[in-house]
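*Asks:* Construct all of the structure, not just a fragment, from the sequences and the given hints.
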Amino acid sequence: MEALKQALGSGRLVALWYDAPHLHYLVEGPEGSPLQEFQVEARGSFPSLAGEFPALDWFERELWEEHSLVPEGHPALKPLRNHCLPYPFERVEGLHEVPVGPVHAGIIEPGHFRFSVLGEKILHLELRLGYQHRGVERLFQGAGLERARLLAERAGGESVAHALAFCQAVEAALGLEVPPRARQLRRVLLELERVFGHLGHLAGLFTDIGYAYAATQVGKVRALLQGQLERLTGHRYGRNALTVGGVSFDLDPKTQLEVRGALSRLGLEAEAQLLSAFKQPMVLDRLRYVGAITPAQARWLGLVGPAARACGLGRDLRQDDGLYQPFTPVLRAGGDVLARAQVYLEEVRQGFRHLERFLTELPPGGGWVDEAGPSQEGELRTAFSRVEAGRGELFYWVRLQGRRVEQVKIVDPSFKNWRALELAVRGMGLPDFPLINKSFDLSYAGCDL
Amino acid sequence: MNPLWQTLRTGLLTRSLQNLFRLPAWAPGWPVLRPEGLSHTVRRELLELCPSVAFAEEGGEFRLDLAHCVLCGRCFQTFPQAVGELRGLEVAVTRREDLVQRVDLATGNFVDPGPPPPTRAELHLPTLAFREVSAGNTGLDDTEVALAGNPFHDMGRFGFTVVASPRHADALLVAGPVSQNMREALLRTYQATPEPKGVVAVGNEAVGGEVFAESPQVAGGVDRVLPVDVYVPGSPARPAAILHGLLLLSGRVQQMLVGGRRVRGKPEQSPKAS
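First to last, the sequence lines map onto chains P and W. Take the first sequence: its position 17, counting from 1, is numbered 17 in UniProt numbering, and each next residue is one higher. Take the second sequence: its position 42, counting from 1, is numbered 42 in UniProt numbering, and each next residue is one higher.
I should point out that these hints are in silico values taken from the structure, not numbers from a laboratory. None of these values were measured; they are calculated from a predicted model. Accuracy of the hints is not assured; some may be wrong.
As the list claims (entries may be wrong) - If you want the footprint, here are the derived chain P segments under chain W, 3+ residues with CB under 8 angstroms:
#, stretch
1, 101-113
2, 125-132
3, 146-153
4, 214-220
5, 235-241
Unchecked claim - Sample of chain P residues facing chain W (criterion: CB under 8 angstroms; computed from the structure):
#, residue
6, 83
7, 139
8, 157
9, 223
10, 231
11, 444
12, 445
Unchecked claim - Okay, the calculated beta carbon distance ranges per label pair:
#, chain 1, residue 1, chain 2, residue 2, range
13, W, 22, P, 261, 20 to 28 angstroms
14, W, 29, P, 51, 53 to 61 angstroms
15, W, 263, P, 319, 52 to 60 angstroms
16, W, 78, P, 175, 21 to 29 angstroms
Heads up, the beta-carbon is just placed ideally off N, CA and C, and yes, glycines get one too.
*Replies:* Structure below.
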């Protein structure tokens, strides 16, 4: 326990899951030191660490809800996704409360936000999510690998990243070696999804500040980019393209050349549009100093992905991926909406560069390895995997019995990043909220599972 | 880049009505059963092959539910003698049965569910305002509804808008299998919508739950909670298919699928921009 506390003090919690009768804490040390896994036996209850390390708060509430394990000494134990239990909101005496949601004014997913305001100023925000809870992790139990892959594609907002993380975890458990061509094609889809997502965040920000011209132009590039993803996989979001052991599509040289050409044209157009938009004083003035997160807060909440990199910290899992070398993560220092937007912008440019490289030198060979082999014996195997999705680090842990999934734990990046919104809006005006929310653009479904 | 020059150079992006419902050559279409190829072995293999359990055999009938199809195209690539491909995006229907193909195994013929009911005349309006409610969907159906308003699809040319409040809406677009936690919010949104009001179920999950159908945490389809006027299948439903559903609701196009199969011949009406 002391070693765990020490690791959490200097590092960051990647995931916390329960594989009866042990709790598994996966902690990443500072600056890319190796992952440490701690096991704590828990039957009925376990000592809570959320008071000391707020990043564990939602994880412990989740364990309480899913596995009836009581976190002893938890500072504010309340339901996370179970709406049958009463939910006590934090009330601030003398402040007016503004409830928003679950049905929002825009075309987005449902969630409830409870603001405590003094005039226009937000002094406190409490999130209540769980509206999208579909019981995804339970549906995995007993599913075959194909069906489980379908569920993974629908678990969160990023189909490719989820499918990739799931397939990698299963491949690690079964000891499958994915052919180099398939590994590279998977990265092509992952980067397409990331760029598609980031352009969506940016177009949304431009819409929210009333800059319709840039929103339309970025939206156009995004729609054409989606066409290229569909060209490769036959699906607008890259579903059904990944499979355990490889990929289920292949490229002929002509398509490869055409897609590469189309993407490099789109890359130039996106770059020109975005760079000129981010020179506009109107854009910079509206985004700067809004919704700032300090590096200390980011470390405290264990933020991942662009939200953490906009605070000048955090890592990018692509650093450790041999296919991406050389790779330098995009870092910004401000922690505000502008910093996050600039991280998106730079990662869009970076994504297009990687796409160009991946599609230029595609290794020959097959795209799929036969997954027969040692898996038929019905023995228990467990493994986990991590993928840098557009929104940050995505974690999958699987326990397989033969070729069936027995248990799975998904930690979507949004699950770790949602709390950042609560801190980012403090002291801001109520009308700034949509802008700040858009700058994180988190997945409700991935968090609620 | 000069915005004016860029705008002029971009030109017109909106897809013409002829191209709107066309599926790109590289996207797999919808499966259609071929009764003559459905031997016992093939049927068993199809049941085994489909990852999303779209096929079912029950009571002397072999069924294919398009709302459970995830469009991987594996069935018609593996068994072309038993499953054909239906290409096109005019797939919205007014009746759940019209997304299910049923083959009577004794006679080897399709079971005809009869002519579909007409859409409601009080919603045949030149403009319709929609409120989108996401009730347990992955987020992609929402994105697709938003993309139906982009310059390529341009729902505005048909007089369709998405409004912020249900009190300003003529119809609800509901995505997702309706999670238990969203049930009350969805019902209250429906109550807040003034009469006459329609409901469009957007995407497979909203039509029949798709892979979430078995979960106790979801209702397993919008029609278990609200009366549904139009069903739009798809995983997620494509913007053009959503537009077809909205045009169907407003009475400007005819339903193309009956009993899960395309009705023979071209429809008399084609969509008209208002």
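*Asks:* Does each hint hold? Answer for all of them.
*Replies:* Cross-check of the supplied hints:
| no. | hint | verdict |
| --- | --- | --- |
| 1 | 101-113 | holds (count 8) |
| 2 | 125-132 | holds (count 3) |
| 3 | 146-153 | holds (count 5) |
| 4 | 214-220 | holds (count 4) |
| 5 | 235-241 | holds (count 5) |
| 6 | 83 | holds, 4 angstroms |
| 7 | 139 | holds, 6 angstroms |
| 8 | 157 | holds, 4 angstroms |
| 9 | 223 | holds, 6 angstroms |
| 10 | 231 | holds, 5 angstroms |
| 11 | 444 | holds, 7 angstroms |
| 12 | 445 | holds, 5 angstroms |
| 13 | W:22 to P:261: 20 to 28 angstroms | holds, 23 angstroms |
| 14 | W:29 to P:51: 53 to 61 angstroms | holds, 56 angstroms |
| 15 | W:263 to P:319: 52 to 60 angstroms | holds, 56 angstroms |
| 16 | W:78 to P:175: 21 to 29 angstroms | holds, 28 angstroms |
No hint from the list above goes unmet by this structure.
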